[in-house]
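Chains as they are written, first to last, in our numbering: chain Y, 6 to 369; chain C, 17 to 88.
Derived by calculation from the structure, the hints in this document are not laboratory data. Beta carbons: idealized from backbone N, C-alpha and C, even for Gly. Some hints here could point you the wrong way.
[Unchecked claim] BS3-like, lysine-lysine: derived pairs with alpha carbons at most 30 angstroms apart:
#1 Lys40/C <-> Lys86/Y
#2 Lys70/C <-> Lys34/Y
#3 Lys365/Y <-> Lys70/C
#4 Lys9/Y <-> Lys20/C
[Stated by the list, open to error] According to the in silico footprint, chain Y covers these stretches of chain C (three or more CB under 8 angstroms from chain Y):
#5 21-28
#6 31-38
#7 53-67
[To be verified] Facing chain C, from chain Y, some residues (calculated, C-beta under 8 angstroms):
#8 Glu87
#9 Arg91
#10 Leu147
#11 Thr154
#12 Ala158
#13 Arg235
#14 Asp236
#15 Ile238
#16 Phe240
#17 Gln242
#18 His244
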Amino acid sequence: MRLKNVFATRWGIIGVGLFIGVFAALLQKLGNPGNMGICVACFERDIAGALGLHRAGVVQYIRPEIIGFVMGSLIAAYLFKEFRPRLGSAPIVRFVLGAFAMIGALVFLGCPWRAALRLAGGDGNAILGLLGLISGIWIGTLFLRKGFTLGRAQATHAAAGWMLPLIMLGFLVLLIAFPQIEGQNRSGVLFYSLRGPGAMHAPFFISLGTGLAVGFLAQRSRFCTMGAIRDFILFRQTHLLLGFIALVAAAFVTNLIVGQFHPGFKAQPVAHAMHIWNFAGMVLAGLAFALAGGCPGRQLFLSGEGDGDAAVFVMGMIVGAGFAHNFGLASSPRGVGPYGIEAVIIGLIVCLFIGFTMRKRSNA
Amino acid sequence: MSAKVDARGLSCPQPVLMTLNEIKTGKTSEVEILVDTETSKENVSRAATSQGWKVTDVSEEGDEHKITIKRK
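For reference, chain Y alone in the conformation it holds in the complex:
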């Protein structure tokens, strides 16, 4: 198919943002945690928990939305002949960036997607997170202007491009083979939360279906929450930003309609009000996303099109979630974790090191 890509137009990206905003809010209505209809970081963290990579009992569930994101993108990429297996652009660096992006996001308690949804649900703490995100991305653009690059990816075997989609299918098989047993925190090899956000989820088919639809649409439209802010800072381009704003607006209106809008800073769902660390956590996440070239959602969609480097970033995020909970780096509604502050500082140092040292050589 070589049709004009309507989703890459201005109204296309706005439409995709509206779709995500409405369905994210509805997923909350149908069972997902508060202001967490879709949160790529939180959901990958829940997957890490379900696999036992961390043992935080309240955040363990194989989230079908994440599987859907990758598989929906893969379907779109194949249908429109855009599946392009490629890798080799500093994979280990991308792994490290993914891990620290996750750690930063879990200090704030949300990725850029959830920051938008928290704002749309009235959580004032999201403002601090979004300001941090913008600051982190701004730092990233300074490096980009100075010639920061992770180098070129190369074409590779189709099977290499299939690795993350196959891992996602594996997660799906596990979820089907070992379904949740009422009142039990284990089923076969998987862990399940009995309380907390991990115990809150929309019905399986709705989660998976929404994930597939979002994955498909986001692949076509190149929806990216980090790119939205980055392109505006770098080029004053508003294309992706319109999609991001549409997401917030649609989620806000949907929240109002279904009674999910509760303005304030205190007692917000899965959130804390330590302003400095809400800000700083997202500075770290924003910088890591900017250096890696995409928000956590975009990394999943790229993985679905065969981008093995984005897949490594995703694996970095999942492993990072393991560290975040095992080491007490992740925040909780009570506030930052025992070592969260140190982790943010170390993460910023690592990202700055990467930013300063990986510049384009003249012939690269």
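Following the hints, complete the assembly by docking chain C onto the known chain Y.
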């Protein structure tokens, strides 16, 4: 003589940055950009258009796209 930008294999936003840098040198009125994803093709074309340049040709060879842009 047109300038050439080889942005194959590079992540966002480098293809656009490289294209805009070439445009800003002001030395040329035609630039050929090589990219290898549809996304980069769309992004480069959108950025060039926003700078008042015109996309005059897009040719595909295998997985590569060659975008030719000209100053209006």
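Evaluated hints:
Among the hinted pairs, Lys40/C with Lys86/Y is inconsistent with the structure: their alpha-carbon atoms are about 33 angstroms apart, more than 30 angstroms. Under the criterion of a C-alpha separation no larger than 30 angstroms, the hint pairing Lys70/C with Lys34/Y is inconsistent with the structure, at around 47 angstroms. Under the criterion of a C-alpha separation no larger than 30 angstroms, the hint pairing Lys365/Y with Lys70/C is consistent with the structure, at around 28 angstroms. About 26 angstroms separates the Cα atoms of Lys9/Y and Lys20/C, which keeps this hinted pair within 30 angstroms; it holds.
Counting residues of the region 21-28 of chain C whose CB lies closer than 8 angstroms to any CB of chain Y gives 5, so the stated coverage by that chain holds, three being the minimum. Residue count for the region 31-38 of chain C with a Cβ under 8 angstroms from a Cβ of chain Y: 3. That meets the three needed, and the coverage hint holds. Under the rule that three or more residues need a Cβ within less than 8 angstroms of chain Y, the assignment of the region 53-67 of chain C holds, with 8 such residues. Annotation: Glu87/Y was flagged as interfacial toward chain C, and the flag holds, the nearest CB pair being 5 angstroms apart, inside 8 angstroms.
At a threshold of 8 angstroms, the smallest CB-CB gap from Arg91/Y to chain C is about 7 angstroms, leaving the interface hint in force. For Leu147/Y, the interface hint is violated, since its Cβ never comes within 8 angstroms of a Cβ in chain C; the closest pair sits about 12 angstroms apart. Because the beta carbon of Thr154/Y sits about 6 angstroms from the nearest beta carbon in chain C, less than 8 angstroms, this interface hint is met. For Ala158/Y, the interface hint holds, since its Cβ comes within 8 angstroms of a Cβ in chain C; the closest pair sits about 4 angstroms apart.
Given hint, Arg235/Y at the interface with chain C, holds; its Cβ is 6 angstroms from that chain's nearest Cβ, closer than 8 angstroms. Interface hint at Asp236/Y: satisfied, since its Cβ lies 7 angstroms from the closest Cβ of chain C, which is below the 8 angstroms cut-off. Look at Ile238/Y: its Cβ only gets to about 10 angstroms from chain C, farther than 8 angstroms, so that hint breaks. The beta carbon of Phe240/Y comes within 6 angstroms of a beta carbon in chain C, closer than 8 angstroms, and the hint placing it at the interface holds.
Taking 8 angstroms as the C-beta contact cut-off toward chain C, the hint placing Gln242/Y at the interface holds, the least distance being around 7 angstroms. Interface hint at His244/Y: satisfied, since its Cβ lies 6 angstroms from the closest Cβ of chain C, which is below the 8 angstroms cut-off.
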